[in-house]
Amino acid sequence: MTTKTNRLLLDSLSRRDALKMMGALSVAGLGELAFPEVATALGGKSKQRPNIIFILGDNHNANLIGCAGHPFIKTPGMDRLAREGVIFEKTFNTTSLCSPSRASILTGAYAHRHGVRNNHTPWTGQMTTFLEHLSNNGYDTAFIGKWHMPGKGLPDMPFLDLFVSYTYREGQGSYFNCPMIVNGEEMPSRREYITEEVTDWAIEFMETKRTERNGKDSPFCIYLSHRPGHPPCEAPKDLRGMYDNVKLDLPKEIDSWWFGKMNQNVFQGIMMGSYEDQYRKYCEVITAMDRDIEHLLDKVDESGLGDNTIVVYLGDNGMQWGTHGRHGIREPYEESARLPFIVRAPGLIQDPGSRREQMALNIDMAPTLLDLAGIPVPTEMDGKSLLPILKDIGVEGRKAFLMEFWKYYPENTPSYMGVRTETHKYIEFEKGREPWLFDLINDPRELNNLFGTADGEKLLPILKRILQEQSANASVFSNS
Amino acid sequence: MNKQEMKRAVIYPVSTVFFIMVLSIYMYSFSKTLNNDNLHQALAFFFGTTYFLAVALGTPVIYSFACLGGASLKLRILAISITPFAWATKECIKIFESHSLLECLYWYLNPLNIWLIMLMALEAGLADLYCRRLKKNRGENIRVANLSSLLTVFISLSLFIAAYSWGKGENIYVIFLKGYRFLFGSGL
Numbered sequence: 001m002t003t004k005t006n007r008l009l010l011d012s013l014s015r016r017d018a019l020k021m022m023g024a025l026s027v028a029g030l031g032e033l034a035f036p037e038v039a040t041a042l043g044g045k046s047k048q049r050p051n052i053i054f055i056l057g058d059n060h061n062a063n064l065i066g067c068a069g070h071p072f073i074k075t076p077g078m079d080r081l082a083r084e085g086v087i088f089e090k091t092f093n094t095t096s097l098c099s100p101s102r103a104s105i106l107t108g109a110y111a112h113r114h115g116v117r118n119n120h121t122p123w124t125g126q127m128t129t130f131l132e133h134l135s136n137n138g139y140d141t142a143f144i145g146k147w148h149m150p151g152k153g154l155p156d157m158p159f160l161d162l163f164v165s166y167t168y169r170e171g172q173g174s175y176f177n178c179p180m181i182v183n184g185e186e187m188p189s190r191r192e193y194i195t196e197e198v199t200d201w202a203i204e205f206m207e208t209k210r211t212e213r214n215g216k217d218s219p220f221c222i223y224l225s226h227r228p229g230h231p232p233c234e235a236p237k238d239l240r241g242m243y244d245n246v247k248l249d250l251p252k253e254i255d256s257w258w259f260g261k262m263n264q265n266v267f268q269g270i271m272m273g274s275y276e277d278q279y280r281k282y283c284e285v286i287t288a289m290d291r292d293i294e295h296l297l298d299k300v301d302e303s304g305l306g307d308n309t310i311v312v313y314l315g316d317n318g319m320q321w322g323t324h325g326r327h328g329i330r331e332p333y334e335e336s337a338r339l340p341f342i343v344r345a346p347g348l349i350q351d352p353g354s355r356r357e358q359m360a361l362n363i364d365m366a367p368t369l370l371d372l373a374g375i376p377v378p379t380e381m382d383g384k385s386l387l388p389i390l391k392d393i394g395v396e397g398r399k400a401f402l403m404e405f406w407k408y409y410p411e412n413t414p415s416y417m418g419v420r421t422e423t424h425k426y427i428e429f430e431k432g433r434e435p436w437l438f439d440l441i442n443d444p445r446e447l448n449n450l451f452g453t454a455d456g457e458k459l460l461p462i463l464k465r466i467l468q469e470q471s472a473n474a475s476v477f478s479n480s
Numbered sequence: 001m002n003k004q005e006m007k008r009a010v011i012y013p014v015s016t017v018f019f020i021m022v023l024s025i026y027m028y029s030f031s032k033t034l035n036n037d038n039l040h041q042a043l044a045f046f047f048g049t050t051y052f053l054a055v056a057l058g059t060p061v062i063y064s065f066a067c068l069g070g071a072s073l074k075l076r077i078l079a080i081s082i083t084p085f086a087w088a089t090k091e092c093i094k095i096f097e098s099h100s101l102l103e104c105l106y107w108y109l110n111p112l113n114i115w116l117i118m119l120m121a122l123e124a125g126l127a128d129l130y131c132r133r134l135k136k137n138r139g140e141n142i143r144v145a146n147l148s149s150l151l152t153v154f155i156s157l158s159l160f161i162a163a164y165s166w167g168k169g170e171n172i173y174v175i176f177l178k179g180y181r182f183l184f185g186s187g188l
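Read top to bottom, the protein sequences are chains A and B.
Using my numbering, read the first sequence as starting at 1 and increasing by one per residue.
Using my numbering, read the second sequence as starting at 1 and increasing by one per residue.
Read the hints as simulated data drawn from the structure, not as lab findings.
Beta carbons: idealized from backbone N, C-alpha and C, even for Gly.
Any given hint might turn out to be false.
Result set (SDA-like, lysine to any residue): computed pairs, CA atoms no more than 20 Å apart in a straight line [as the list claims (entries may be wrong)]:
id	chain 1	residue 1	chain 2	residue 2
1	A	K261	B	K74
2	A	K399	A	S385
3	A	K261	B	K168
4	A	K152	B	G187
5	B	K32	A	G322
6	A	K261	B	L183
7	A	K261	B	Y108
8	B	K178	A	V395
9	A	K247	A	D277
10	A	K299	A	K399
11	B	K168	A	E234
12	A	K431	B	N146
13	A	K458	A	K431
14	A	K261	B	A88
15	A	K458	A	S475
16	A	K261	B	I172
17	A	K152	B	L183
18	A	K152	B	K135
19	B	K74	B	N2
20	B	K168	A	S274
21	A	K252	B	K32
22	B	K90	A	G325
23	A	K431	B	T16
24	B	K3	B	I20
25	A	K247	A	K384
26	B	K94	A	R465
27	B	K135	B	A145
Far from chain A by the CB rule (all over 12 Å, computed), these chain B residues [what the hints assert, rightly or not]:
id	residue
28	M1
29	Y12
30	A86
31	I95
32	W107
33	P111
34	I117
35	K136
36	E140
37	I161
38	N171
39	K178
Model the full assembly from the supplied sequences, consistent with the hints where possible.
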């Protein structure tokens, strides 16, 4: 039976029917022949498929983790993940804005394919998420936390076993007492602070599934989407002020008081107090989230699931804190495009505690998780599985990727598209700015635009060709 | 009003506040180019403050001059609007880098501008009461506690506080974005 026929048949069966059929076929000794992937899914092989916990942070600058070398931030949970797994030092989003990045993470596709191009474009479900693929292959799945994609309320995702999220304030929620929606029903938050609330739901789901599995191959996947560090940042009371006395190293080009209130930065939720105050609060909420990540890790290990549970941490965007005189996430600078990304996969990663230099992307998450679960990666996904790189530090990574961005009102960044290679970045803007060309090796802070210079002219044809290849004729520009 | 009175009551005060705003914008931007960080911080703070004062607190100054100089209510309202409107227009022009003309016009309705209008109304109401007090002290037969001035103060203050208190301004911003999507969709 072909894989496609397999899938069509499986799609038409409920899980219970499939179990029954497999049971019958197993008795007849035909299970593995007829449904190889289902045989795996239903324990046809002795090794159980791994559980997956995917944790997503919000606007988390990749440098703001202890193990990434940050001078003062306390992130013992993420540090532990990195110690027991690997940290990727060059991970990027392909569209530097919340909703498109989140859709890319779920679908494994560039924004020009999945259709969520900015924070005003609704999610239509035109592409299947990796959660649904997992569910179709026998995983119990839970989406817990921030959804934040436009549309009428939350999407209809009947394949989820648990859907806990919120629509309050356009899906941004609130740090305290956020009204929740659990499987379509509105209910008040059970915990005061949002990271505790969503982590509790995740732990409950995990423990329920652990009890239910009872030796069977019945893996789960939890997609846990946190609110930190989205502004306006409010930490739990016991963490407030923890960074008040640390020396900050914010860029000299910004001023302490008015920068956060000028140039529409006021709409970034950083209006009150000084810019330094806002940065400290941002660090506090990252620490708050990390505390609950550590709590979740403890529970994973205490429950005996640690050896068979893959834990991933990723940020949806980076964050500029005053570099290049800008604040926010939209500009194609490294600070807003680069993401924190850590994977813990016991037994799979042979060199825990090491670092990966290969470029990884947000669109790689879906293919990687499916590959980890032993599920074929759909061809419509643009991303690549990182499984070979996780297993072997020496495996070569990608050489370039497409960066695309559609203007998002009311923020003042024009649409752009470009390409980032291992050594250079080239960006074309729809209007208002000349192109950017940066040598990322000799100018890692992206201060010297080589476009229009002699060096730039030499590089331009190559980079334009790479852009052409990467974009495959997709364009963000409205007159294309 | 004759020309001389117009100059004293309206043109000079408006021009002064407007000039302070323009100078502050220029000096604030200039301060970022300085290598001396202490000087940069000091100038940025000073001129950022004067910038804010000109836009947000120029109203009572201009209104008082206009009112005491005999300007009509319409002229007073026009006078206090010039600098804030110029500032709002500057902000609109900025986002023209990325967005269409209509979207830039919608920008006039953003929450910050709405608060500014409420603030201006509040300041004008208070300035009006102050001017009435001054006029009465000069011997004019005028009621100080004028109903329309008091109502202006009360309503604008209430709205200003309520709009901020409701989700610290986030909820107002959400409404602004919903309005944008209703008119423009995704903007693409």
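Structure-based check of all given hints:
1. K261/A <-> K74/B: Answer violated: K261/A to K74/B is near 32 Å, above 20 Å.
2. K399/A <-> S385/A: 15 Å, holds
3. K261/A <-> K168/B: Roughly 15 Å between the alpha carbons, so the hint for K261/A and K168/B holds.
4. K152/A <-> G187/B: 18 Å, holds
5. K32/B <-> G322/A: It holds: about 12 Å lies between the C-alpha atoms, which stays within 20 Å.
6. K261/A <-> L183/B: Violated: K261/A and L183/B sit about 27 Å apart, past 20 Å.
7. K261/A <-> Y108/B: Since the Cα atoms of K261/A and Y108/B sit roughly 17 Å apart, the hinted pair holds (cutoff 20 Å).
8. K178/B <-> V395/A: 47 Å, violated
9. K247/A <-> D277/A: 12 Å, holds
10. K299/A <-> K399/A: 38 Å, violated
11. K168/B <-> E234/A: Measuring from Cα to Cα gives roughly 12 Å; hence the hint holds.
12. K431/A <-> N146/B: Distance of about 53 Å is beyond 20 Å: violated.
13. K458/A <-> K431/A: Cα-Cα ~24 Å, so violated.
14. K261/A <-> A88/B: 14 Å, holds
15. K458/A <-> S475/A: 24 Å, violated
16. K261/A <-> I172/B: Holds, at about 17 Å.
17. K152/A <-> L183/B: With Cα atoms ~16 Å apart, K152/A and L183/B stay inside 20 Å; holds.
18. K152/A <-> K135/B: 58 Å, violated
19. K74/B <-> N2/B: It holds: about 16 Å lies between the C-alpha atoms, which stays within 20 Å.
20. K168/B <-> S274/A: 17 Å, holds
21. K252/A <-> K32/B: 9 Å, holds
22. K90/B <-> G325/A: 19 Å, holds
23. K431/A <-> T16/B: 36 Å, violated
24. K3/B <-> I20/B: 24 Å, violated
25. K247/A <-> K384/A: 40 Å, violated
26. K94/B <-> R465/A: 33 Å, violated
27. K135/B <-> A145/B: 12 Å, holds
28. M1: It holds; M1/B is separated from chain A by about 37 Å at its closest Cβ, greater than 12 Å.
29. Y12: 28 Å, holds
30. A86: A86/B clear of chain A: closest Cβ-Cβ about 16 Å, beyond 12 Å.
31. I95: 5 Å, violated
32. W107: 6 Å, violated
33. P111: Contrary to the label, P111/B does not stay out of reach of chain A, its closest Cβ about 8 Å off (not over 12 Å).
34. I117: At roughly 16 Å from the nearest Cβ of chain A, I117/B sits farther out than 12 Å, so the non-interface label holds.
35. K136: 39 Å, holds
36. E140: Nearest chain A Cβ is 41 Å from E140/B, so the label holds.
37. I161: 16 Å, holds
38. N171: Incorrect as stated: the minimum Cβ-Cβ distance to chain A is 7 Å, not above 12 Å.
39. K178: Violated, since 8 Å does not exceed 12 Å.
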